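Taken in sequence, the protein lines are chains A and B. Under our numbering, residues 19 to 196 are what the first sequence spells out, in order. Under our numbering, residues 207 to 475 are what the second sequence spells out, in order.
Worth flagging that the hints you see were computed from the coordinates, not collected in a lab. Given the structure is predicted, the values throughout are model-derived calculations rather than measurements. Positions of the beta carbon are idealized from the N, C-alpha and C atoms, including for glycine. Treat the hints with care, since some could be wrong.
Said to hold, decoys possible - For lysine-lysine, the following BS3-like pairs were computed, each having C-alpha atoms within a straight-line distance of at most 30 Å:
{"hint": "1", "chain 1": "B", "residue 1": "274", "chain 2": "B", "residue 2": "371"}
{"hint": "2", "chain 1": "B", "residue 1": "431", "chain 2": "A", "residue 2": "59"}
{"hint": "3", "chain 1": "A", "residue 1": "131", "chain 2": "B", "residue 2": "281"}
Claimed, not checked - Selected chain A positions facing chain B (in silico; Cβ < 10 Å):
{"hint": "4", "residue": "67"}
{"hint": "5", "residue": "100"}
{"hint": "6", "residue": "194"}
Residue strings, one per chain:
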Amino acid sequence: MIRTILQGISAWAIPVLLVGIPLVGLIRGIKVYDVFIEGAKEGFQVAIRIIPFLVGILVAIGMFRASGAMDMLTNALRPLLSRTIFPPELFPLAVLRTLSGSGSLALTTDIIKRYGADSMLSRMAATLYGSSETLFYVLAVYFGAIGVKRTRHAIPAALVGDTVAALVAAAVCIWMFK
Amino acid sequence: MPGVLAKSARTPGYPLCAAIAAVATEDCRRRDGLSTTIALMLNYIWFGLMAIALIVAIFTGNVAAVTKASVESAKTAVEISLGLVGIMTLWLGIMRVAEQAGLVSMLSRLLRPISRLLFPEVPSDHPAIGAMVMSVSANMLGLSNAATPLGIKAMEELQTLNPEKETASNPMVTFMALNTAGVQFIPTTIIAVLAASGSQAPTVIIPTTIIATLCGATAAVTTAKLLQRFFPTKLPPPTTDNRQPISQEDSPTILPPPTPNPPLPEAGE
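Kindly generate the complete structure, drawing on both the sequences and the hints.
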């Protein structure tokens, strides 16, 4: 029920907003097209401003993965995880999730293919993927857009959030699907 | 500080952890250096990732792959940025209409109790609140295409309140924590992947995802709130002496060694 409503919202939200917002504007006597153009002019510059930040981050992560360092990291942490409920098979995904959106989606797809779409591991992987955002991408884009270079406690806070989300993903799946 | 990096780089077994741990222990030892070190965390992570990649590549023989990855990632990054141009333009335009129509201020008035709790530093009638509310709502509905431009807009509004333009303010970090937690009610992409892989019930992961993402977001925001007083916004005199008051455009790259104009890639293909 709630799910149907949420899915409906997801499908209809964009067209409804694109029509609804200017409609309210028109009712309130605003020259909607002129105002739209005025705001839209900034779009290009913002997107361009992000480029150096995103190139910096994505190149570093791409190199890290390609060198095999990512695999070494996950292998090294495997014994630590075997004592928790968190399946070691998902550890590479948990790390990659913070670093690369397309990379972690590829890895999740790979897990789903390998273990079967309705297996516990696949559901955990899917939940883990869906429950957080790509930390370093979001960081590069948002702070990059405004030229902030000292991020203070943003990375530690986000890492704590991602860790909690990953652990809860595993626990909740065990609780719901076992 | 270079000692820290060299040390961590020499232990390829636990590369990223070692790098972070080394930075962390360095901080504990010298409390006065804490703010500087953590504030420059992205510099260490950035350099660390690449340095570790090079060292590991020497042992694994993946040098060619690393080279290829660097070139291709740079290309991907530009493609992503350029891909944003269209959506950014569209949503910034619509946002301006919503703003002028008074919709943004209406929405932020509605959510004032929550925003006052999360962002006490931001005046409750400031446009930043409206932009943040819109961005987070778009995220929750799974409209990531709309959420990103709105989020950037929110950051720009927060920047107008920020006295130190190159340093993240408290509300920025809290907003960032909310965003990296990626609160989303319908993880459409992954449901599509599950369905395409032959799942009998691809949507069973919706409730588990909502629970996990809400826990993650709560943890991230709480941590941001708890940590903020340990990370002062003002740095003790930093090494960068060529700081401009406003660095909205053409900021001198992330690393300390100043390269005023990032070298262009050698002649386009």
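Cross-check of the supplied hints:
Only pairs whose Cα atoms come within 30 Å are accepted, and residue 274/B paired with residue 371/B is rejected, the gap being roughly 35 Å. Of the pairs offered as hints, the one joining residue 431/B and residue 59/A is violated, with about 35 Å between alpha carbons and a cut-off of 30 Å exceeded. The hinted pair formed by residue 131/A and residue 281/B meets the criterion: a straight-line CA distance of about 29 Å does not exceed 30 Å. A distance limit of 10 Å between C-beta atoms decides the matter here; for residue 67/A the minimum to chain B is near 7 Å, and the interface restraint holds.
Checking residue 100/A against chain B: minimum C-beta separation of about 16 Å lies over 10 Å; hint violated. Checking residue 194/A against chain B: minimum C-beta separation of about 6 Å stays under 10 Å; hint holds.
Hints 1, 2, 5, counting from the list given before, are not met by this structure.
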